[in-house]
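Chemist: Line by line, the protein sequences are chains U and Z. Heads up, the first sequence is in my numbering, so the first residue is 1 and it goes up one at a time. Heads up, the second sequence is in my numbering, so the first residue is 1 and it goes up one at a time.
The hints are simulated quantities; they were obtained by calculation from the structure and are not laboratory data. These numbers were taken from a predicted model, which means no experiment stands behind them. Yeah, the Cβ is synthetic: ideal placement off N, Cα and C, and Gly gets one too. Any given hint could be a false lead.
[To be verified] Pulled a few chain Z residues facing chain U out of the computed Cβ check, cut under 7 Å: (1) Val284; (2) Leu290; (3) Asp292; (4) Leu306; (5) Thr307; (6) Ser375; (7) Val389; (8) Arg392; (9) Leu394; (10) Pro397.
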Amino acid sequence: MSGQTAPSLLLNDEQQMLSKTAHQFIRDRAPVARIRTLRDSKDETGFSRELWSEMAELGWLGLQIPEPYDGMGLGFFDLCVVLEQSGRELMPEPFVSTLLLGTQALLLGGTDAQKKALLPGIASGETIVTLGYEEAGSHGDVSKVATTARKSATGFELSGEKLQVLDGHLAERIIVSATTSGSGYTLFLIDPAHSGVTITRQFRIDGLNAAIVQLDAVPVGRDDIIGEIGGGAVLLEAVFDRAAVGLSAQMLGAAEQAFADTINYIKEREQFGVPIGSFQALQHRAVSVYTELVLTRSVVLAAARAIDDAPDDVPRLASLAKAIASETFKHAAKEAIQMHGGIGVTDEHDIGFYIKRAQATYMTFGKPSHHRQRWAELHGY
Amino acid sequence: MSDLNAFREEARAWVRENAPEALRGTSGSGPFEGYWGGAKCEQTDPDLLRWRDLGIEKGWTAPSWPKQYGGAGLSHAHEEIIHAEMKAIGVPRPVAGQGLAMFGPVLLEYGNDAQRAAHLPGIARGEVRWCQGYSEPNAGSDLASLQLKAERDGDEFVLNGQKVWTSHANLSDWIYCLTRTDPNAPKKQMGISVILADLNTPGITVKRIDLISGYSPFCETFFDDVRVPVGNLVGKENEGWTIAKAILGHERSSIGRSIARQPGSAQREVVGRARKHLGVAEGVIPDPLLRDEIAALGMLEEAFHLTLARIQQSAASGTPGSEASITKIVGTDLKQMRFELGMKVAGADGLGWEGPGFDEDDLQYTRDWLRSRASTIEGGSSEIQKNIVSKRVLGLPEGKK
Ligand SMILES: Cc1cc2nc3c(=O)[nH]c(=O)nc-3n(C[C@H](O)[C@H](O)[C@H](O)COP(=O)(O)OP(=O)(O)OC[C@H]3O[C@@H](n4cnc5c(N)ncnc54)[C@H](O)[C@@H]3O)c2cc1C
C-alpha cells in the first residue's frame, strides 16, 4: 500500500448480487466437465456460442465497455466479479482473448472509429477479438518480435508467425505486434479473412482454444494501427497489466473451487475407518492453501480497484496480483490432486483440469519470477 | 456508514493535531507498542507521557470502553478508525499492553460491576500493568491440563503451583491466572477458574527467564500459599475456560496486528540491510536471487496488509470474515521470513553476539532475529492455530483422540 489508506476491498450491494447471480448461472450452465466433452468431441468452436450470447444478454460482456459503445459503462472491478466466477468452472469461453486482450487494447489504444466498429459487437457477444504476441523463441518476452511490418503504398505489409493466439481460430479481428523499422514495434488490427493469413488450430492442455496465425505479406491500412507507431511496447504493457489482473481474478475463482471440491472430498472419503480430513497432515496443508486464498483475494481486489481508481498503482499491484495468484492456484491445484489420491490423476475425475489450467495461467502474462523482478525494479532495488 | 466517514475525518484531525511530532513514523501502532505503564514503569520520554495524557483525557486509550471506566463509549468500528488513523502517521497508541488488548475487554464482558470499576480505569489510564498467568511447565499447547491449585478457604482462595512464560511479570502489578479449582472435574476443560492476584501478595515469587536472544521480559511465577479474596474470581467458579478462550482470541488477533507494523517496512528494512552489506551495482542489489527473495517478502507483506485492511473494512460494515483467524499464522510467518532474509544478506556480519568488530545495529538485529523464532510458538503455536482454522473455518472433522 503505497498510499496511506487502503483502497476499498469490498463489493457493494450490486456487485455482491452480480457475484451471486454469476456463480449460480455458471455452476448450473457451465460445469467444468464441459472441458472434457468439448475436447473429446473435437468441437469446432471449442466453447459455447449460446452461453456466450446469453451472458451478453445478461450484460456481463459489456460491463466495462462505455455506454456510447453499447456497454454498461461500469468498472474493471465489476468485470473481475464475473471473471472470478467464470474461473470456478474453468470456462473456455473467450474471456481472456476478447474481454481482456482485445477490449483492453481497444479501450487503451483504439481510435473512436475502431471502438465503434468493434466494441458494440463484443458487448453483444457477436464479435471475437484477440491479440497475438507469442512467437517461436520469444519465451514469454514479448519485446522479442520477429514479425515485421514493411511500409507499402497504402500502409504496411505484415509477415511473420504468432503462436497460441487465443481463440484465433474464429476471431473476427486479430491484433498483432510487428516491428516497424527503427521504432520498436506497433500493434496492428488484422482481418483474418484477408489473403495471406493462414490460421491453424492448436490444442492445449487447459481447454482454452488457440491457433497459429501465419502472416504472409498481409496488407493493413493506416486505420488499422492501434495506438502510436512504435508505441506497441508501452501499450502492450498496459494491456497486459489489465489482462494479468483479470486473469488473476479467474485464477482466484478456479483455486477457490479446486479447494472447495477438495475439502468436500476429504470430509467424505474414509480410510482407516475415519474421514481422511481428520488427519492432521492433510488438515494443516489445507489451512496453508486457505491462507493463501485469503491473501490472494485481497491482492486481486486491490489490483482491480486500482485499474478503475488509481492508475499509478496499477503496474505494482498487477504484478503483485499475478505473482501471488499464480503461485496460489498452482499450489491449490497440486494439493487438490494429492488429497484426492489416485482418482485425482484419472481423466475421469474433474479435479485434474485445474492443474492444467493452473499451469497455463502461470505462464500467461508473465510468470511469477518475472513479476517479482518487475516489483523489485518498481521499488528501486 | 456516512457517520463513520464523518468520524474518520474527526479522528484524523484530532490525531494529526495532537500526536507529538517526535513520535510520528516511529510505530506500527500495534496493541503492544508504546507506553505500557504500571506502578513499576520507569518511562520518562516526555512525548510518550504527553501523548498518554492526551489519550486519557479524550478517552481514546480505550475508545470502545464505557466512559465510566475511562473509555469513550464508542463502537468497535469507531475504535478501528482511531487506531487506523494513528497507524496512518505511525504513532503508537497512547497506552498499550495486555491490559488494554486482552484482559480489559474480557473483564468488561465477564467481570462483575465491582471488578470492572476496580480494574478497568487503572488499565485505561496506564496506571496498572497486567500480566497473563496461563502456561505452566506441563501445560503449553495443551493449556487445559493446567494445575495451579486454587482451594477455597473461607473468604479466600489459596493458590499453590507455578506459571511460566508470564511476560513482564517482573514489571507488572497484577496477574490474571487460570487456576484448577476442581481437580476431579470429568473433563480437563471443566474445573478451571479465572482468578486475579495482586503481584505484591505474600507468597508470589517472580524469576526472569533468558531466551536464546538473551535478556527477556518473560518470567516464571511461583505461588506458595498465596491468599486472595474470593471477590477476585471472574465469572463462575469452574467455568473459567470460556473466559480463557476469549482472552486467547484477543491475544491472537493482537499478535497478528502488532506484527503488521507500517506497510512496506519489512521490505525497506531488508533492502536497507542488503545495500549496507552487499552494496549497490548499477542502482540495484547485485544479486538477482536475493532480489527475487526480497520481492517475494515485499509481496507477502503487501498482501498481508491488504488483508488486514480488508478484514477491518468488512468488520466495519458489520460482516466480520473468518479471515481474522489467519492473521497470526501469516503475520508470524512474515516476521520470520523478514528476519531470515535480513540475516542472510548480512552474511558473517550478522554472527556477532557482543563486543568488538560488530556494529550496534547488527548486534541488535541478530538478537531480534533470534527472538523472532518465538513468534510462531507464543500465543498458541502455528500448529495449534492451524488446528483451530481447520476445525472452525474449514469444518474438518477432529482426529481420533
Ligand atoms: C516468548 C514467549 C512468550 C510467551 N508469553 C506467554 C505469556 O505471556 N503467558 C502465557 O501464559 N504463556 C506465554 N507463552 C507460552 C506459550 O503460550 C507456549 O509456549 C505455547 O503455547 C506452546 O507451549 P509449549 O511451549 O509448552 O510447547 P508444546 O506444547 O510442548 O509444543 C511443542 C511443539 O509441539 C507442537 N504441538 C503441540 N501440540 C500439538 C498438536 N495438538 N498438534 C500439532 N502440533 C502440536 C507445537 O506446535 C510445538 O511445535 C510464551 C511463550 C514464549 C516462547
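Chemist: Now tell me, hint by hint, if it's right for this structure.
Modeler: These are the hints, each one checked on the structure:
Hint status for valine 284 of chain Z relative to chain U: holds, with the closest Cβ pair at about 6 Å, below 7 Å. Hint status for leucine 290 of chain Z relative to chain U: violated, with the closest Cβ pair at about 10 Å, above 7 Å. Among the interface hints, the one on aspartate 292 of chain Z holds; its C-beta lies about 5 Å from the nearest C-beta in chain U, closer than the 7 Å criterion. Against a cut-off of 7 Å between C-beta atoms, the interface hint on leucine 306 of chain Z holds, since the closest Cβ of chain U lies about 4 Å away.
Among the interface hints, the one on threonine 307 of chain Z holds; its C-beta lies about 4 Å from the nearest C-beta in chain U, closer than the 7 Å criterion. Given the 7 Å rule on beta carbons, the hint for serine 375 of chain Z is violated: about 16 Å separates it from the nearest Cβ of chain U. This hint holds: valine 389 of chain Z has a C-beta 5 Å from the nearest C-beta of chain U, less than the 7 Å allowed. For arginine 392 of chain Z, the interface hint is violated, since its Cβ never comes within 7 Å of a Cβ in chain U; the closest pair sits about 11 Å apart.
Because the smallest distance between the Cβ of leucine 394 of chain Z and any Cβ of chain U comes to about 6 Å, under 7 Å, the interface hint for this residue holds. Residue-level restraint check for proline 397 of chain Z holds (minimum Cβ-Cβ distance to chain U is 4 Å; threshold 7 Å).
Of the numbered hints given earlier, the model fails hints 2, 6 and 8; all others are met.
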